[in-house]
Structure formats: structure tokens, C-alpha cells
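Enquirer: Chain by chain, the residues:
Protein chains: 2
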Amino acid sequence: MNMPTFRNWRSVQEEVRRRIHSRKWAPGDLIPNEADLAIEFGCARSTVNRALRSLADSGVLDRKRKAGTRVAAEPVAKATLDIAVIRHEVEEHGAKYGYLLIKRSQTTPPVSVSGAMKTRASEALLHVQALHLSDDTPYAVEDRWINTNVVPEAKLESFEKLSANEWLMKHAPYTHGDIGFSAVQATAEHAEMLNVSQGSALFAIDRLTWDSSASVTMVRLLFTPGYQLRTAL
Amino acid sequence: MNMPTFRNWRSVQEEVRRRIHSRKWAPGDLIPNEADLAIEFGCARSTVNRALRSLADSGVLDRKRKAGTRVAAEPVAKATLDIAVIRHEVEEHGAKYGYLLIKRSQTTPPVSVSGAMKTRASEALLHVQALHLSDDTPYAVEDRWINTNVVPEAKLESFEKLSANEWLMKHAPYTHGDIGFSAVQATAEHAEMLNVSQGSALFAIDRLTWDSSASVTMVRLLFTPGYQLRTAL
DNA sequence: AAGTGGTCTAGACCACGCG
DNA sequence: GCGTGGTCTAGACCACTTA
Numbered sequence: 156m157n158m159p160t161f162r163n164w165r166s167v168q169e170e171v172r173r174r175i176h177s178r179k180w181a182p183g184d185l186i187p188n189e190a191d192l193a194i195e196f197g198c199a200r201s202t203v204n205r206a207l208r209s210l211a212d213s214g215v216l217d218r219k220r221k222a223g224t225r226v227a228a229e230p231v232a233k234a235t236l237d238i239a240v241i242r243h244e245v246e247e248h249g250a251k252y253g254y255l256l257i258k259r260s261q262t263t264p265p266v267s268v269s270g271a272m273k274t275r276a277s278e279a280l281l282h283v284q285a286l287h288l289s290d291d292t293p294y295a296v297e298d299r300w301i302n303t304n305v306v307p308e309a310k311l312e313s314f315e316k317l318s319a320n321e322w323l324m325k326h327a328p329y330t331h332g333d334i335g336f337s338a339v340q341a342t343a344e345h346a347e348m349l350n351v352s353q354g355s356a357l358f359a360i361d362r363l364t365w366d367s368s369a370s371v372t373m374v375r376l377l378f379t380p381g382y383q384l385r386t387a388l
Numbered sequence: 156m157n158m159p160t161f162r163n164w165r166s167v168q169e170e171v172r173r174r175i176h177s178r179k180w181a182p183g184d185l186i187p188n189e190a191d192l193a194i195e196f197g198c199a200r201s202t203v204n205r206a207l208r209s210l211a212d213s214g215v216l217d218r219k220r221k222a223g224t225r226v227a228a229e230p231v232a233k234a235t236l237d238i239a240v241i242r243h244e245v246e247e248h249g250a251k252y253g254y255l256l257i258k259r260s261q262t263t264p265p266v267s268v269s270g271a272m273k274t275r276a277s278e279a280l281l282h283v284q285a286l287h288l289s290d291d292t293p294y295a296v297e298d299r300w301i302n303t304n305v306v307p308e309a310k311l312e313s314f315e316k317l318s319a320n321e322w323l324m325k326h327a328p329y330t331h332g333d334i335g336f337s338a339v340q341a342t343a344e345h346a347e348m349l350n351v352s353q354g355s356a357l358f359a360i361d362r363l364t365w366d367s368s369a370s371v372t373m374v375r376l377l378f379t380p381g382y383q384l385r386t387a388l
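Residue numbers (this note's numbering), protein chains in the order written: chain A, 156 to 388; chain B, 156 to 388.
It is worth saying that the hints were derived from the structure and are not from the lab.
Hints are supplied without guarantee of correctness; some may be wrong.
Taking lysine-lysine pairs in the DSSO-like style, the calculated list, with each CA pair at most 30 Å apart, reads [said to hold, decoys possible]:
no.	chain 1	residue 1	chain 2	residue 2
1	A	K233	B	K251
2	A	K316	B	K258
3	B	K325	A	K233
4	A	K258	B	K310
5	A	K219	B	K325
6	A	K251	B	K233
7	B	K179	A	K273
8	A	K251	A	K273
9	A	K219	B	K219
10	A	K325	B	K325
11	A	K325	B	K219
12	A	K179	B	K316
13	A	K273	B	K219
14	B	K233	A	K316
15	A	K179	B	K258
16	A	K233	B	K179
17	A	K233	B	K219
18	A	K233	A	K219
19	A	K310	B	K179
20	B	K273	A	K179
21	B	K233	A	K219
22	A	K325	B	K179
23	A	K221	B	K251
24	A	K233	B	K273
25	B	K233	A	K258
Rough simulated footprint, nothing fancy, chain B against chain A, three-plus residues with beta-carbon under 8 Å [unchecked claim]:
no.	segment
26	231-237
27	327-340
28	346-357
Note that this is a predicted model, so its numbers are computed, not measured.
Backbone N, C-alpha and C fix where the C-beta goes; we use that ideal spot for every residue, glycine too.
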């Protein structure tokens, strides 16, 4: 039997995928170690490593030193979502982007916000509400709090033409953050802004970003009904 | 000035992040090439490559041959979601998992389903509806169609004790697929199953998987209000 | 044409974590 | 202890893309 040689890590990866798919290596099975596979595939161990590491990153394999590499018993599907600037998202759909500032004020936030952002409860933050439009129809509502202790320049920005969404990307670096996706019912206020009936199911994205130990901004985006966030699996 | 040396790709990556964060390398800027950075950092080029490639994967850098490496002007936030088996999700919250089969039948699907799954319109598919419970209260409704041409073994499985969600993971390999997230209003039927009021906002996950050119399964999961999918950024 | 990132190699040492 | 994956190195060649 003439085994073809594998010249690059992608072909090695494909071959491994084939073996898993064909159940030659079934879920839970231990597969040969890198050194042996390198010999079998006729390539360097680092090439095998690159291929297997990549598969481990995508959840197909479980790797542990000494214990070896196993086919994931219950592959966790990893979906990578690209959260772009809303303007780009709209324009990529071939629509005209529009933006409307609704409210901008420096006020003390509700405790739910100061608590999450770990600011003093009495501390005033910059509150910005805006509407993003696609072909002149409402696309999403943005409700944002900005920590002006961390981003004082925001106080000088009107956000009348440029959305906080975009301004912050350029001016407010962050070290980490988290994001959550959920479904919420439209309040009367949101319903009016989005021009939908009250109680409609809206897709919500909540984001909170940090610069070291200080919160930068907390935002909730509410999308009009029908919005779907998609990605390949 | 004494530049410390960087011994591994993670420390190189951190240093690059620092420079971007401090605006030494601002968004849009071209940064030095790998060879120069390797000299500056006192490590091998492949180590720099590993660090920069990883940053490019996470959207922080844009890399092009010949054109060089630039700091992403508008960093696209990449959120990686782990879509686990529902039982695990429930158990990780420290709750008791429960499962209830509602319906199982082999019927011809609506055209919206046969269209998406690219099966003949007259072709009968296996339709499974089930309820996932967390501490005996409804957690999510699963509405699934299975292509029994591709997974004939499914016809022999009752899905009374084991959810299709889990069974398919073990028995139905797939090569690719896509996933979508959205918000929908609860129909009367769904409302009753989930024990919520009609019209509630439900978080929906739609998944369609393929084995080569044939669809394997199409599923919609509807989660009770309050459900949030979270991840680090 | 030439510069840049992409990748491969062969070898080496290390760190983790089973047994 | 010791086998495994994780990483680093120095060098090489290649592929893409821009100028």
C-alpha cells in the first residue's frame, strides 16, 4: 500500500479529519503521538503539531501532555462570531447606513450599571443613546454608558455625526471584556424608536469592556425583529 | 536602555499588545517586519511569527505578504462561542438535567425545511420535538429534522431517553454547517411547552449541518426567557 | 523584481501530568 | 520517572503581492 506523503500541515489536518470522519479514529479514541504520525506522514513533527494543535483549538481533539491526543468525545461546536462596527454590517448588506443621536448626557447611572462597571454609585458617567439605520429604516438601538474617568476625551465628543460605537473603537483601547447575547421584549420606548410594536422580540447584544481594572464602556444593542447573527460552523 | 529579551511567543505577543495599546503602534500603522522584530526581541523569527499570526487570527493585526503587518484600523471583535450539548450546559450551572420527548414522527417536512436541507420535497424526514429541563423546569425546546437518508440508524432510535441533540453528536459526523442566533416570539405552542406567556421573547439557535453535500440535520433550539449566551472578548 | 509573511525541517530542551 | 505535547532555534525555500 502506497501512502501518499503529506507536504503541509493543512493536508495533514485533512487526513486527520478524514480518519475521524471515517471512524478509523472514533470519538474518545487515543490517536498516535506526534512523533509516530510524523514518520507515517513523512513530515516533520512540528508540521504534525501545527495540524493537531489547530484541530484542538477548534474542539475536534483533546490534547494533554503525557496522556496523549484523543478525538473529542463530545465535540464542542465553536462558533466564531465577528462583531463588526454596525456601519460596516449595514453596508455589507448593500444598504445605506444612517445614524441618529437620540440622547447624550452626563448623569449618575442606575446601580445596575455602576455595579457592573465598578464605578462609585455617585459617579456621573456619559450616557449615549442612538439609533442606527439601514436604508433609512431603524436597524438597531444603542444604549451606552462611557466611563469618562478612563476616556475623558469622550466628554468633548458630541456623537452627533459619529456613533459612539465607532468613536470608541478608535479612541478607547481595551484589554479585555465580555459579551452576551439574549432575547428581550421591546419596551414602549424601544418599540417607538425601532418602529415596531411593543413586546416584539428583540435580539440583544450586551458588551462590557475593560482597560486593566477599570471599565471603559458598557453597551446594549437592540436589533429590529428579524435580525440574525450567523456564522459558519 | 536595556531591552529585556523575550523568551517565548506569549511574551512577544504581550509586548506587541502593549505597544498597540500605548499607541506606539497606532491603528493603521505598519509595524516592523518579522525579521527585524526577531532581532529586536532577541528570539527566532518563527517565535515572532507565532505571536503575530495569533494576533492576526484574533483580528488585532492585518497581515499581507510583501505589504507587511499593520495594526487593524477597525478591529473586528471576534467572539468564540462554545455550543455545548444542552445537558452539559445545564449541569455546569449546577442544576439537574431532565429530558422529555414530545413528538417523534417520520413525515414530509414543510418546504422551508426541505428547501434548506436540499432534500426532495416529497421525501419524508424524521421529525423530533423535545423539551430540555433544568431542575424540572423547562429550559429549552428542541425542534429537529433528521435526514434519514444520511443517518438511517436514527430510524431505530426512539429518542425517549437520549436526546437527538446528544445522539447525533455520537452517530452523525458532519463536515461543515452553519449556525444562527436570533430572537423570536413564543407561539402558543412553544409558550405552553416552556410554561411562559405567549409572545415572550425567546432566544433561538438555528443550526444546519452537512456531510459533504448532503444535509444531516436541521434544528431550532428555543430557550426560556432570561437565557443569555456569554463569552469573553 | 524584490520584500514580506507562510511554512517546513531537524534538532533540542522543557513542562506537565499520568502511573 | 518518563512519555507526551509545547515551544524555541537556525536555516531554508516558497508564494503572494506590491511597486
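Enquirer: Would you mind confirming whether the straight-line C-alpha gap from K233 of chain B to K316 of chain A stays at or under 30 Å?
Expert: 26 Å, holds
Enquirer: Does K251 of chain B sit within 30 Å of K233 of chain A, going by the straight-line distance between their CA atoms?
Expert: 24 Å, holds
Enquirer: Can the restraint linking K233 of chain A and K273 of chain B be considered satisfied, given a maximum Cα separation of 30 Å?
Expert: 25 Å, holds
Enquirer: Given the hint that K251 of chain A pairs with K273 of chain A, does the C-alpha gap stay at or below 30 Å?
Expert: Distance of about 38 Å is beyond 30 Å: violated.
Enquirer: With the threshold set at 30 Å, check whether the alpha-carbon distance from K258 of chain A to K310 of chain B stays at or below it.
Expert: This hinted pair is violated, its Cα atoms lying about 57 Å apart.
Enquirer: Given the hint that K325 of chain A pairs with K219 of chain B, test it: the Cα-Cα distance must not exceed 30 Å.
Expert: 22 Å, holds
Enquirer: Between K325 of chain A and K325 of chain B, does the CA-CA distance stay at or below 30 Å?
Expert: 45 Å, violated
Enquirer: Within 30 Å, alpha carbon to alpha carbon, are K233 of chain A and K179 of chain B?
Expert: 34 Å, violated
Enquirer: Do the alpha carbons of K219 of chain A and K325 of chain B lie within 30 Å of each other, as the hint requires?
Expert: Since the Cα atoms of K219 of chain A and K325 of chain B sit roughly 22 Å apart, the hinted pair holds (cutoff 30 Å).
Enquirer: Is the coverage entry for the segment 327-340 of chain A by chain B consistent with the three-residue Cβ rule at 8 Å?
Expert: Coverage by chain B holds for the segment 327-340 of chain A (12 residues, Cβ < 8 Å).
Enquirer: How does the coverage statement for the segment 231-237 of chain A fare against chain B, requiring three or more residues with Cβ below 8 Å from a Cβ of that chain?
Expert: holds (count 7)
Enquirer: Need the status of pair K316 of chain A, K258 of chain B: alpha-carbon distance at most 30 Å?
Expert: 53 Å, violated
Hint check: violations occur at hints 2, 4, 8, 9, 10, 13, 15, 16 and 23; the rest are consistent with the structure.
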